[in-house]
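Chemist: Here is how the chains run, residue by residue.
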Amino acid sequence: MRLSESSSGPLPKAAEPGRKGRNPGWRFVAPSAIFLVLVTIFPIVFLLTISLFDYQLGMPLRSARFVGVRYYEQMASGQDPTYWTAVRVTVYLAVATTLLNLILGLAIATGLDRLARLRAPFTIAMIMPMVIAPAVVGIIWSLLYNDSYGLINAVLRALTGWAPNWLGDAQLAPVAIILVEVWEWTPFVALIMLAGLQGIPTEPLEAAKVDGAGPVRSFWSITLPLLRPIIFLVALLRVIDTLKLFDMIYVLTGGGPGSSTETVGLRIFNLSLHTDTDVGRAAAVSIALILIIFSLSLIVLRYLKRAEGQTQ
Amino acid sequence: MKDRTSRGSHIVITVAMISMAAASLLPLAVTFLTSIKRGRDLFDPLSTDFQPTLDNYRRVFQEVGIGFYMSNSFIVASASVAATLVLALLAAYGLCRMRMRGERTIALAMLCLRTVPAIALVLPYFLMAQFLGIVDTYVLLVIAHMTFGLPLAIWLLRGFMRELPAELDEAAKVDGAGNLAILIRVILPNMKPGLAATSILLFIHSWNDYVFANVLTSTNSATFPTTMNFFLGINTVSYGEMAAAAIIGTTPILVLAAVFHRSLVSGFARGAV
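Protein sequences, first through last, are from chains E and C. In terms of this note's numbering, the first sequence opens at residue 1 and continues consecutively. In terms of this note's numbering, the second sequence opens at residue 313 and continues consecutively.
Bound-form chain C, shown alone:
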């Protein structure tokens, strides 16, 4: 069927698709250009006649100290991904491989949990954290991120595990392996793509979180997205620095997405929004 598309409409479609891809990238490109312009060059956004400068980047690193926030983001994201994977693997294995009644209900309940809005939870989290004295700690933010990552991870890993044939387990069981051993020695090695897709999605969600990071962190554990606050004031904003900060913090994620785009698309398609 598809080969019968006429040459003409094929060209039209290709042009349309390229325009769409360009539209997706345009805002990023504009931001990048803004980040390498000096203040006086910002007045005419359509001009391409300007001398690029790295001044904005220098200032964002030195004065805003974005390196600190990036490393916090990395610590929190890595920790929450690791913790989430451990719990989720166990749970997915339990759901998948051990005939449990109501298994599908539990799995779908996981999906439902993801629909709880973060802004609704941020208030009680803040109050409870204050009570426990853990405001502005890594642990708090990791827990908050796990709240949304865990249901997603369980749902995804369960989906990936279901695709592994049960014969693999049977072979190991015949050799007398216990459940945990089966999980580690048989299931895990065969799930590398699924694990990769899940980890990347979890990492991105954690890195990108603004709601929890904004309310629950202060000077100790503030992550990258909170640096956007510096540019929200009514005072004169340095657009160049703002753009530079955005580019710096987003580049790691963009690189991840570009390298692992196939994993990401498969993860998104499995209901990982």
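Next comes chain E alone, as it looks inside the complex:
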């Protein structure tokens, strides 16, 4: 064997017979692991700690007063109404956006599935919305939503004579946000669904056609159930993404009017870095947000783990 004649260095330790030492894989993973622990766990521990104090931004750290779980109590008991308002806004936006994304995305995907080939200019057009910086998306749509000079109202005025103040109306502002999110992510959802659709075996559908089932019936009874795992996964991912929203909403409405579009994320920002300086309370809300999103992502994790196990 060439190995004994080789002069270019020793074998990797794990391959040496009889050696049971620490797996060298860890040496490769360690730098990333250490980095991620430092930049993620550290700040979270910091948040946990500071959420037990009344600390105002800009003041010396020594001025922080220990208040224990006061903020958490206030959030849970409803003494802090702004928290639950923010949660309601967030849930509303998340559910509405995800539902619309899914329904529209699925519709578009079924249409795409029938076309022979997805041409490049079309794909490029579809990914444009999601590669634009969310902050810039907010700016772009603020142009469209402008009640005096915006295109949307110009068209509405011409067609119906009705031209509401989108960003200044507490009922319409959330709708405006939802529409932007739908515009931005439906193409992506459609592309994912399309991949799913193209992975569906044709035998069941052909059998159904032989049995005389119409397109609607076979879609409902065959295609949809087969797509359920993907729909579920995409729905979860979209919900998690909406929970993390900040840039676009901040630029478009800043949380207003009032707090009609103030999501939990915006609440954290306004509490500590914008309208107020209440770092301790903001940290408590941050921890709550992290916990919520983390629990949701555990579901995703378990699903992916199962899915990966099945394909191996």
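Heads up, a few of these hints could be off.
Derived Cβ-Cβ restraints for the label pairs, each shown as a range [to be verified]:
{"no.": "1", "chain 1": "C", "residue 1": "S331", "chain 2": "E", "residue 2": "L48", "range": "47 to 53 Å"}
{"no.": "2", "chain 1": "E", "residue 1": "Q171", "chain 2": "C", "residue 2": "G545", "range": "22 to 28 Å"}
{"no.": "3", "chain 1": "C", "residue 1": "E479", "chain 2": "E", "residue 2": "W84", "range": "17 to 23 Å"}
{"no.": "4", "chain 1": "E", "residue 1": "S221", "chain 2": "C", "residue 2": "F355", "range": "50 to 56 Å"}
{"no.": "5", "chain 1": "E", "residue 1": "R302", "chain 2": "C", "residue 2": "L337", "range": "44 to 50 Å"}
{"no.": "6", "chain 1": "C", "residue 1": "E415", "chain 2": "E", "residue 2": "T160", "range": "57 to 63 Å"}
{"no.": "7", "chain 1": "E", "residue 1": "R88", "chain 2": "C", "residue 2": "M440", "range": "28 to 34 Å"}
{"no.": "8", "chain 1": "C", "residue 1": "P364", "chain 2": "E", "residue 2": "L156", "range": "53 to 59 Å"}
{"no.": "9", "chain 1": "C", "residue 1": "R497", "chain 2": "E", "residue 2": "R88", "range": "52 to 58 Å"}
{"no.": "10", "chain 1": "C", "residue 1": "R319", "chain 2": "E", "residue 2": "R88", "range": "48 to 54 Å"}
{"no.": "11", "chain 1": "C", "residue 1": "G379", "chain 2": "E", "residue 2": "A158", "range": "57 to 63 Å"}
{"no.": "12", "chain 1": "E", "residue 1": "S221", "chain 2": "C", "residue 2": "L566", "range": "37 to 43 Å"}
{"no.": "13", "chain 1": "E", "residue 1": "R306", "chain 2": "C", "residue 2": "P364", "range": "53 to 59 Å"}
By construction, these hints were calculated from the structure, which means they are not laboratory data. For each residue, glycine too, the CB sits at the ideal point set by N, CA and C.
We have chain E already, so just place chain C on it with the hints.
Modeler: Positioned in the frame of chain E, the structure of chain C alone reads:
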């Protein structure tokens, strides 16, 4: 199955798809038009009868100085992509090629880390940065961007690496190559598409970041998205300039996306949201 779509519904679907593509591009088109209109032409958004002007662009470059922010964006994005790739390649290789127990758990944990909301981290980052005295530096922003880029990169690169047959490694090992050498001389050259897709996604995420850039930077290292702040005031906003700034800063990304759209779609499909 697909060939049996009737001619009529084929036309309907094509029209619907074209409308969808148009809807995706419309806001950008409107923004571009706004950016080349003079102030008085903005009052009627439906009119196409106006004289285009480059004044807004001139002012955005000269008065807002957007060139400075763009170059900061480029520096931070390039640095964070480079640093992230190095760490991620090592980690993905370790996960992929060296039989590690709990490998899948680690990989999925990476994916989980990406779900941490940026706004939750921005507060402790700011306070810690203040304490360390690194507020408003490139390094700080690069670290912040790596926080979200690294898990994504590890997940993606691991996925790409798993598609490379193990025989490639074996051949090199027989020749006595050490692990690092295998990574550099065997794995890397075969991963060019995967590397491209990952780098582009990382670059775009870094370029587009607003949360960290807004809070952690000031006059030294402010990146492009922070220029949107100039147009958020209650004072009279120059919509033309606002649109011009948006177009200028987004064009590089749009060009990247158009050129590498296939890489992007494959990256997104692998869970790169």
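Chemist: Note whether the CB distance of E415/C and T160/E lies within 57 to 63 Å or breaks it.
Modeler: 59 Å, holds
Chemist: Take a look at whether the Cβ-Cβ distance between S221/E and L566/C falls inside 37 to 43 Å.
Modeler: Given range 37 to 43 Å: holds, Cβ gap about 42 Å.
Chemist: Take the C-beta atom of S331/C and the C-beta atom of L48/E, compute their distance, and say whether it sits inside 47 to 53 Å.
Modeler: 49 Å, holds
Chemist: Do the beta carbons of R497/C and R88/E sit within 52 to 58 Å of each other?
Modeler: 56 Å, holds
Chemist: Please check whether R306/E and P364/C have a Cβ separation lying inside 53 to 59 Å.
Modeler: 56 Å, holds
Chemist: Per the hint of 44 to 50 Å, is the separation of the Cβ atoms of R302/E and L337/C within bounds?
Modeler: 38 Å, violated
Chemist: Starting from the range 50 to 56 Å, see whether the pair S221/E and F355/C falls in it by beta-carbon distance.
Modeler: Distance hint for S221/E, F355/C holds at roughly 54 Å.
Chemist: Is it true that G379/C and A158/E lie within 57 to 63 Å of each other by Cβ?
Modeler: For A158/E against G379/C, whose Cβ atoms are near 39 Å apart, the range 57 to 63 Å is violated.
Chemist: For the pair R319/C and R88/E, does the Cβ-Cβ distance stay inside 48 to 54 Å?
Modeler: 49 Å, holds
Chemist: 22 to 28 Å was suggested as the range; check whether the CB atoms of Q171/E and G545/C agree with it.
Modeler: Distance hint for Q171/E, G545/C holds at roughly 26 Å.
Chemist: Would you say the C-beta atoms of E479/C and W84/E sit inside 17 to 23 Å of each other?
Modeler: Because 58 Å falls outside the window, the suggested range is violated.
Chemist: Mind checking the hinted window 53 to 59 Å against the Cβ distance between P364/C and L156/E?
Modeler: 26 Å, violated
Violated hints, in rising order: 3, 5, 8 and 11; the structure is consistent with all others.
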